[in-house]
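Undergrad: Sequence:
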Amino acid sequence: AALQLYSAVALLPHPAKTESGGEDAFLLGPHMIGVADGVGSWWEGGIDPAAFARGLMFASRNSCTKLKREEELDPAKVLLDAWHKMQISRLIGSSTACLVSLDPHKTELRAANIGDSGFLLLRRQAGSSSMVEPALGTLDSAAGIGAAGRKLHIAFRSPQQLRAFNTPYQLGRAPDSGDAPDDRFETPQDASLVRVPVRPGDILVLATDGLFDNVDEEALLDTIEDMIEGSGTGASP
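Quick note on numbering: the sequence shown equals residues -9 to 227 in the working numbering.
Everything labelled a hint here was simulated from the structure, so no lab data went into it. Keep in mind that this is a model prediction, so the values were computed, not measured. Be aware that a few hints might be false.
[Stated by the list, open to error] Subject to a maximum C-alpha distance of 25 Å in a straight line, what follows is the list of computed DMTMM-like cross-link-like pairs (lysine to aspartate or glutamate):
| id | residue 1 | residue 2 |
| --- | --- | --- |
| 1 | K75 | D180 |
| 2 | K58 | E34 |
| 3 | K7 | D199 |
[Said to hold, decoys possible] FRET-style restraints, in silico, Cβ to Cβ:
| id | residue 1 | residue 2 | range |
| --- | --- | --- | --- |
| 4 | M217 | L(-7) | 30 to 36 Å |
| 5 | D212 | R59 | 29 to 35 Å |
| 6 | V205 | S10 | 20 to 26 Å |
| 7 | V205 | A164 | 27 to 33 Å |
| 8 | R80 | T55 | 18 to 24 Å |
| 9 | K96 | G36 | 45 to 51 Å |
| 10 | D212 | G35 | 17 to 23 Å |
| 11 | S79 | S(-3) | 22 to 28 Å |
| 12 | D38 | T213 | 37 to 43 Å |
The C-beta atom is built at its ideal place from N, Cα and C for all residues, glycine as well.
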């Protein structure tokens, strides 16, 4: 049977940005999920960094609706279509972006990522009665894996894309951008495209760098394992 993606979202802005709602945005759909992080330096020019991120996720939602009618959804195609819509809108700003979906025919996760947003794929720890042999293509094959006593381990980390320290790849448009390509920004052709084998019960943590830069992986695993324990599902998320 085909796998299904059950999703939920939490948007927790920095305390100093609570009034504005922060600079992150998300896509939460039945067939695809995504996040975008507006680049904060746009505030210096009087431009709300959240506007581009929210616009990009809204355009991605519309692209999902359009492309779902025409063909199978692919994160790379959705990102490209959404980016074209943003270029036509001429909205000023920039953001990172990560879109993720399940392959409808294979037990694989597909993702397109620009910048330092991304995802962790969490899996039941080796030794669980439901574990099978490690799937090639994930970091499962690297070790025998994770700390003793843990219910979960990190099976895959999506790669980050940085031009320099604290300068992630980003999609965007500046006030002086013309119609020609602007080498200050990336395009969807620069996205990191990944396909990752998945299993029933895997947990996907998709987030901006606001999570990954401030919560270390051990603390993240602790939190999710506590949630699993509290839900009464034990080691079977």
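Undergrad: Check the structure against each numbered hint from earlier and tell me which ones fail, lowest number first.
TA: Of the numbered hints, 2, 4, 5, 10, 12 do not hold.
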